Amino acid sequence: MAIFNLNINGKKQQVDVDPLTPMLWVLRDHANLVGTKYGCGNGTCGACTIHLDGMAMRSCQMTVAQVGNKPVTTIEGLSENGDHPVQKAWLEHDVAQCGYCQAGQIMNAAALLNSSPNPSDEEIAGAMNGNICRCGTYIRIRAAIKTAAG
Amino acid sequence: MTIIKTKYGRRSFIKSTVLAGGGMVLGFSWMAGCKPTPEQVLNMPKEWFNINGFLKIGENGVATIMSQNPEIGQNVKTSMPMIIAEELDIDWKNVIVEQAPLDTTLFKWQIAGGSQSIRQGWPVLRMAGATARRMLMEAAAQEWQVPVEEVTTEAGVLHHKASGKSIGYGAVASAAAKVPVPAEVKLKDLKDFKIIGTPRKNVDGLKLVKGEPLFGLDYRRDGMLIAMVAHPPAFGLKLKSVDDAAAKAMPGIKDVFTINTYNNGYEKQWCDTSAFPELVVVVGNTTWEVMNAKKVLKLEWEPSTAHTETVQGWGGPQKVTVPGGLENTNDHMTKMASLTAKAAKTPLRKDGDPEAAFKNAAQVIERTYTAPFLAHNTMEPMNFFAHVTADKAELVGPIQTPEFIEKTLSARLGLPLEKIDIQMTRQGGGFGRRLYGHYVVEAAVISQKMNAPIKLVYTREDDMTQGVYRPAYHVTYRAALDANKNLVGFHIRGGGTSESPVHANRFPAGAVDNYLAEEWTLETNISTGAWRAPGSNFIAGAEQSFLDEVAEAAGKDPIEFRLALFDKAIASPVGKDNDYDAPRYAGVLKEVKEKSGWGQTQEGVHRGVSAYFCHDSYVAQVVDVVVEGGKPVVQKVHCAVDCGIVVNPEGAHNLVEGGIVDGIGHALYSAMTFKDGTPEQSNFDKYRLIRHSEAPKSIAVHFVKNEIDPTGLGEPLNPPIIGALANALYKATGKRVYDQPFFMGKQMLG
Chain A
72 MAIFNLNING
82 KKQQVDVDPL
92 TPMLWVLRDH
102 ANLVGTKYGC
112 GNGTCGACTI
122 HLDGMAMRSC
132 QMTVAQVGNK
142 PVTTIEGLSE
152 NGDHPVQKAW
162 LEHDVAQCGY
172 CQAGQIMNAA
182 ALLNSSPNPS
192 DEEIAGAMNG
202 NICRCGTYIR
212 IRAAIKTAAG
Chain B
12 MTIIKTKYGR
22 RSFIKSTVLA
32 GGGMVLGFSW
42 MAGCKPTPEQ
52 VLNMPKEWFN
62 INGFLKIGEN
72 GVATIMSQNP
82 EIGQNVKTSM
92 PMIIAEELDI
102 DWKNVIVEQA
112 PLDTTLFKWQ
122 IAGGSQSIRQ
132 GWPVLRMAGA
142 TARRMLMEAA
152 AQEWQVPVEE
162 VTTEAGVLHH
172 KASGKSIGYG
182 AVASAAAKVP
192 VPAEVKLKDL
202 KDFKIIGTPR
212 KNVDGLKLVK
222 GEPLFGLDYR
232 RDGMLIAMVA
242 HPPAFGLKLK
252 SVDDAAAKAM
262 PGIKDVFTIN
272 TYNNGYEKQW
282 CDTSAFPELV
292 VVVGNTTWEV
302 MNAKKVLKLE
312 WEPSTAHTET
322 VQGWGGPQKV
332 TVPGGLENTN
342 DHMTKMASLT
352 AKAAKTPLRK
362 DGDPEAAFKN
372 AAQVIERTYT
382 APFLAHNTME
392 PMNFFAHVTA
402 DKAELVGPIQ
412 TPEFIEKTLS
422 ARLGLPLEKI
432 DIQMTRQGGG
442 FGRRLYGHYV
452 VEAAVISQKM
462 NAPIKLVYTR
472 EDDMTQGVYR
482 PAYHVTYRAA
492 LDANKNLVGF
502 HIRGGGTSES
512 PVHANRFPAG
522 AVDNYLAEEW
532 TLETNISTGA
542 WRAPGSNFIA
552 GAEQSFLDEV
562 AEAAGKDPIE
572 FRLALFDKAI
582 ASPVGKDNDY
592 DAPRYAGVLK
602 EVKEKSGWGQ
612 TQEGVHRGVS
622 AYFCHDSYVA
632 QVVDVVVEGG
642 KPVVQKVHCA
652 VDCGIVVNPE
662 GAHNLVEGGI
672 VDGIGHALYS
682 AMTFKDGTPE
692 QSNFDKYRLI
702 RHSEAPKSIA
712 VHFVKNEIDP
722 TGLGEPLNPP
732 IIGALANALY
742 KATGKRVYDQ
752 PFFMGKQMLG
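These protein sequence lines map, in sequence, to chains A and B.
Start counting the first sequence at 72; every next residue gets the next number (our numbering).
Start counting the second sequence at 12; every next residue gets the next number (our numbering).
Treat the hints with care, as some may be off.
Straight-line alpha carbon distances no greater than 30 angstroms define the calculated DSSO-like cross-link-like pairs of lysine-lysine that follow [stated by the list, open to error]: (1) K159/A with K218/B; (2) K205/B with K57/B; (3) K104/B with K159/A; (4) K217/A with K104/B; (5) K217/A with K218/B; (6) K159/A with K647/B; (7) K218/B with K141/A; (8) K708/B with K159/A; (9) K642/B with K217/A; (10) K647/B with K217/A; (11) K418/B with K430/B; (12) K218/B with K708/B; (13) K708/B with K217/A.
Stretch-level coverage of chain A by chain B, calculated; a stretch enters the list once three of its residues show a Cβ under 8 angstroms from a Cβ in chain B [what the hints assert, rightly or not]: (14) 95-108; (15) 113-124; (16) 154-162; (17) 171-182; (18) 205-215.
The hints are simulated quantities; they were obtained by calculation from the structure and are not laboratory data.
Fair warning: this is a prediction, and the values are worked out from it, not measured in the lab.
From the three backbone atoms N, C-alpha and C, an ideal C-beta is built for every residue, glycine too.
Chain B extracted, bound-state conformation (with noise of 0.2 angstroms):
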């Protein structure tokens, strides 16, 4: 049993508690009956009790529990209410979900990103959840007058056992608000655990399947203006002048005007990313009537110079130079390979004596491996609506960081940070997208223009040449066999545009007694973000490829390969900050070898695999392609994953089967390139995103059965099956692939 303080977020709750009730107070009613019938269900209660800022009970015992965090496809408004839930102890079909608003007062991390909405808020959930369920049996407690040890529950009923008294949550909740909140509570056992560890659908799906209006780009308001942005057609390039007289006389077009969304001076956030600051608007009362007079916009551009900007990140202000220029891929790709060639001139990690590994080295392995810039391409394109008035202003619509982008709005509209209402729709896929929340100052600033409420939308062509893209990547990775085929020396270096994907700290560092790790970056005008599995994407499948030809060269067997690594890693790890668990890395490639019956050879049967940890979760999978009429098809994916506990499986299970097919689809196909600064994909019919015919034939997900605290999933799926897949595609064709996208052009899987 564990006994937590009521410490951190103990705010929340005592906020909360001042204002349970609502006014009107009701006695412990007897009359409620102890649990809700299904009837009581469909009825929503008459007087909600709030008793906490998590959740409130009604007067028939079903429980509403806020979701705090953005709702981006990663089922955190399913998974997160049920932590709470459990230690509530309530039946899950009594349990109503609502999206929380940003409120700094009551949640923490109210962030979609990094895969961390589970990990950071399993305590604070699970406080939240625990903390009710004392406050109602302390309010049974005083009723009975019973000693509150006395008192247990069970799916939203308390109980007395010497007594035989029983009552429902919803007959106490009156009372149970007025509670003080405990000074510390009990968690549940996790072998009591009723509803973590169960698979549970998605809280919204039913109004997804009806076609329901739960994203921002379905929201609308009384008087509402559509707004449009026209920004630079290349990376490289600002607004030089504007005639919008064409515009103006379009049908239905209210305004044509131009927007700098940020100030002078205005020391940008991480996430205030965007290349294209300057940008034209058109306002109107229609979709299609904006897109028109967009259309007819007069605009001339003309080179933007090279700059140098402050940007406050996470780990404290940086500076970023912003070259001029009009940009080309054949050109990233020179440069890139140039960096790559020239030796950093301080090591990121030097252990034992790699020069002198590599010289004295049987054989040496070479291979040098790239990847393109991506586009998140999320399907629901960015869009905000904004109501900004002389004293406030209200937003409401996809943004996975609402707590940073409110501070920007704060400083851009000169309104304190209370004056400012962000509500969160559900939103239509992130992918690290929608934390560069430039949109919505977009909105807020045309929306104070016009003095009226708008809804900025993106074209799906102004979503996908706006930029914040995946940056683009090259790395060279050498290894040194010794005469008995000992892997005696590793060495990475590599980097990208803006950001380098090399971890020095990550495996197989630790395994190796000689390791060296350099990185290089390449400054860029063309703005790049955080993509799923940001740092990993790439470098996952790269190393994992690397380590399937090291394995091959040594004549050992991919897996018992890494296992022997791991081994070593454990008895005697070399250098320190290892930036993993080695038990838990080789568990899930153990896992996963059993699981796939690796090691049996199957008829035209072509298997790779790979294993991964990033995000805090470690996965490891097995790819098995076999040949169609000339063609590889992924017959099945097999993936072991341990991210602690699992609390929704289903969702889980989902997400896992979800990372895999988009590795899989952007590793074989998706590229995002550049002609004098201009994105040469603006649309899905030249950027190639997986569909139905490429995707496995199956997947088989196992999770690794343990007790520790739960980590994400959002993120470590998709950067192992890149190596997986590119290990199994060369036992399928005899050629090794190492530049991403692996399939150009027409070819296609299956």
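Same shape as in the complex, but just chain A (with noise of 0.2 angstroms):
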């Protein structure tokens, strides 16, 4: 066990685990911040995705010793009240379904939206395509993204 002082949605949190905890344990055990998805725990399914320093990754697949104190953005960090263009799009189009996977999905959009602003049609396909929706909502998701990007 050992001690780590995280950054979670601008806040600092400690944690006292195993420092080979993955991220996504840490987060839905320990910070009581569920809405991050357990759905594979081998970085196949992405329902996990979080922002670290910004960047889209599968938080399944990262160490608490590997995120550090760097900061970490989750589902419920991603705005306040639920109004970041991606979540905004996301409610215009109606895209869930059971809407497990969805917290992903959007995490993964986002990082999409912020390193390239106006998605084409393949690069949505190409960035999405580790995000599994076992519904079928991808024609949704991806009208979704287009919304967003505005």
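Join the two chains into one complex using the hints; note that each chain is given alone, in its own frame.
What follows is the structure, given as structure tokens:
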């Protein structure tokens, strides 16, 4: 066990955990931030996507030690009131069916728009290909990303 | 105008009326405004008045509507309350939706399965809203001393035209709660609908995009421990011995033990399917600690022997034989092919003289289609919270069959049904997987043993390799054409592991003079169950691919070929019990023909068509495939649907799109295969699901407009798309595809 001083959604948070604990489980079990979802644990579904230093990362593939005190943003910290342009576009297009994967989709889409404000269909497909939606809402996700891009 | 008796479900209305008011009696409040302002909507009412088991109204006119069925992504938490709100005649903005707990005294059919929620709920939910509206009207009439017939409502406001009086629902809610339940109520005319048929956003939309804790896996309770289970690595194995010394010594671990999910001699219900009832359990403080301890368990396995069990199914008790041995996919294929090659002792259906028709045919077309086992792969793995004490059990989590699993829990825990409380969370996908609630029982047994609140969590690997798969299937079709290329004989023979996909009375039965349907089943110890559109998710694609080939051989357009068969089924149906409404079936085909511009050729666009009827809804689809960089790409899908009245077009469109994407994805990429009983896919690195880049570029959805009571959309969309896709791929590549998944290995669409 070791003490880590984390910087999550702009707040300092101290946890005492095994340094090999994936960030996903630190968020879910220790920081009580359960918006970040467990889907596969091996980096193949994208449900656990968070931002580390503004970049989209799979939190199941990063240990708490690797994260250290770098700024982490989770779905809960993407905006104060759910009014980030990507969140608003998700609501406008009524994207979710079961909704379980959508936090990861939104976090990945927000990072995509940070690096490429007006992505083409091909860029969207490429950037989002690691995020599985078992309900098959891909067409709405693509439309929502285009709306958020404005 | 329809007048209905408040008979069905009346008990819930009476029970709730007794409870109404919550002890505090408010009079008729003339101070309350007619309509809640936006500010009032943001503020929760100070007082709620239970009008009936489905809804309560606050003093400010805001209504809370209970959503009775499990929400697995099929939009029922939005669409079912819409039906109540319509008949209540309230502004949808002033409605709050809450998930109802399992309560078999208040609600009927609290199940997510068979695309039945809307179909079963339609009359009950309309009655719930209409009854409440009538009680509000009577309360206003009494207060105003006017005949109730003169009271009208509009968007949450009661009016009396002659006197010019108006009052909001909130102001009369207290009085209405004491009005006796009317014996009969009027339902709205369909033309007066203001909510049903208008697009409404998902009621949980904002919470979902904010990442609020809505799912079972998100649930937590003070003092809650985390539990995981280890099951045998192969079907046909059971636990032999456990060395848990290392696991118990791991940090954060509370205990390691074995459980039996069911008591010896317990007669299973249909939803108790579990290939691995004996499990090793690890309980600890946190998920990661339990995962790590599970990895150091030293477990030995031994072969399980063949056995027979009696299972209570929908149609009564059934004897099920579970063979021993370690099974392989290759063996399944060989065995299934030999079963399809043999005539059945007794056909399921025989019309005319099929033997003679085939013997005298000018041309016989014979094709065989296969499909593998599939895992459900809900994105949220199986999990459940349980807190079982000596005298009660509290359970929270994702389950499609709460009212069934409550009975299993009662038998296993030795507690009466009324001591078992099941709360349903939003569910991260269902697809049939959560019909089978062994994990709920496992959670309860673990909590009972630990004497503590626990949350059982399956890893993705646990989830994917535990079983309850879509069966593997194998079917051969034969068609006989006469010298004039008329279809004079049709023969289907097929089966699957544990279950046959042959539906003897489905189309084209009834449209062909000489018809024969036969089936077989292959026993397996790999557990199977309902998977989105069970029984139809393979056979629709096979049948619709085959009809495409028959139409081609007959030299006919595939839509015209089908329409001619439907004309025959309408004019002179063959046989009895034909399980479809031919005009509606033909109707969706005509709709998709018109809307897709069928018959107009576009350079480089290759089209395939299909139509299917299952789970009470009719669907026809046209797939447009283009070839880009040598690879086929689904450019567009045109889809016509007849599901009767469309309750929520927003959610309905989304479900149609999702079903199509899901069907395409599984037909192209997905398979669960076995080597020596061991699932060869255990996570998404090996199990291929469709991804963003492979989804159709666009989907055009067309609902057939009619006034037929609504049916479901969760399942009927994905079966036919497999046929339309296969037919379009043939046009694009010149090759017919017969074996799912169509693309193995790394080949991708687009």
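So, going through the hints one by one against the coordinates:
no.	hint	verdict
1	K159/A with K218/B	holds (12 angstroms)
2	K205/B with K57/B	holds (28 angstroms)
3	K104/B with K159/A	holds (18 angstroms)
4	K217/A with K104/B	holds (28 angstroms)
5	K217/A with K218/B	holds (22 angstroms)
6	K159/A with K647/B	holds (27 angstroms)
7	K218/B with K141/A	holds (27 angstroms)
8	K708/B with K159/A	holds (23 angstroms)
9	K642/B with K217/A	holds (26 angstroms)
10	K647/B with K217/A	holds (19 angstroms)
11	K418/B with K430/B	holds (11 angstroms)
12	K218/B with K708/B	holds (28 angstroms)
13	K708/B with K217/A	holds (14 angstroms)
14	95-108	holds (count 10)
15	113-124	holds (count 4)
16	154-162	holds (count 3)
17	171-182	holds (count 5)
18	205-215	holds (count 9)
In this structure, none of the earlier numbered hints is contradicted; all agree with it.
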